[in-house]
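Undergrad: Read off the chains here:
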Amino acid sequence: QKEVEQNSGPLSVPEGAIASLNCTYSDRGSQSFFWYRQYSGKSPELIMSIYSNGDKEDGRFTAQLNKASQYVSLLIRDSQPSDSATYLCAPWGGFTGGGNKLTFGTGTQLKVEL
Amino acid sequence: EPEVTQTPSHQVTQMGQEVILRCVPISNHLYFYWYRQILGQKVEFLVSFYNNEISEKSEIFDDQFSVERPDGSNFTLKIRSTKLEDSAMYFCASSRGQGNQPQHFGDGTRLSIL
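Protein chains in written order, with our numbering: chain A, 1 to 114; chain B, 1001 to 1114.
No lab work stands behind these hints, which were simulated from the structure alone.
All C-beta atoms in this analysis are idealised placements derived from N, C-alpha and C, irrespective of residue type, glycine included.
There may be inaccurate statements among the hints.
[As the list claims (entries may be wrong)] Stretches of chain A that chain B covers, calculated by requiring three or more beta carbons in the stretch to come under 8 Å of a beta carbon on chain B:
no.	region
1	9-22
2	25-34
3	100-112
[Said to hold, decoys possible] What follows is a set of in silico ranges between Cβ atoms, one per label pair, in the way DEER data are often shown:
no.	chain 1	residue 1	chain 2	residue 2	range
4	A	K42	B	N1100	32 to 40 Å
5	A	S12	B	Q1017	37 to 45 Å
6	B	T1013	A	S12	36 to 44 Å
7	A	D58	B	R1080	26 to 34 Å
8	B	P1070	A	D55	27 to 35 Å
9	A	K111	B	G1099	31 to 39 Å
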């Protein structure tokens, strides 16, 4: 059973601070990693993808990947109240076992406080 | 920016009735998916579809479920005889390709079984 673990939170940070969201995964064959943001009652919205070890930056977002440790994280700089949402980690497990499905974690609820 | 569109946004149905959820994937995408999210739980994979056939399905996707691409634009999920436990948000997603190609989600259909 492929598992994706995230701290459910809530993670509370003050406005302007850095929010750090973490995710561990069990499937060593995972090749691509996606971060989605989900507002309450809404659909997942893609915000970042990362495929190689190291850091990838896109605006205020930085994704970090360490395949040896089976760990992926998302940093949000200068957090805004509009960043308050649940952040979902979704590894893609590769072609082994077939298919193209994403396995989602439970998500971390982020609250950015004024 | 192209979007995945889903209709209806909310469907209320009596237990035992058939429902069809509709999706229009992004036009140049080749891979299509259905996911569901029961209130307060993870987003769960149901089925993926490519080249007019199912490429993978989960244990949830039993004989009560079917998918179809009846024309060049629509992608449907049918539940033949609904149960109370089918109540959930159903998300359609599409991607241009496999693996590194991210999946883009529609706004979802909230299915309520009475």
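Undergrad: Against this structure, judge whether each hint is valid.
TA: Consistency of the hints with the structure:
no.	hint	verdict
1	9-22	violated (count 0)
2	25-34	holds (count 3)
3	100-112	holds (count 8)
4	A:K42 - B:N1100: 32 to 40 Å	violated (25 Å)
5	A:S12 - B:Q1017: 37 to 45 Å	holds (43 Å)
6	B:T1013 - A:S12: 36 to 44 Å	holds (39 Å)
7	A:D58 - B:R1080: 26 to 34 Å	violated (43 Å)
8	B:P1070 - A:D55: 27 to 35 Å	violated (44 Å)
9	A:K111 - B:G1099: 31 to 39 Å	holds (33 Å)
Violated hints, in rising order: 1, 4, 7, 8; the structure is consistent with all others.
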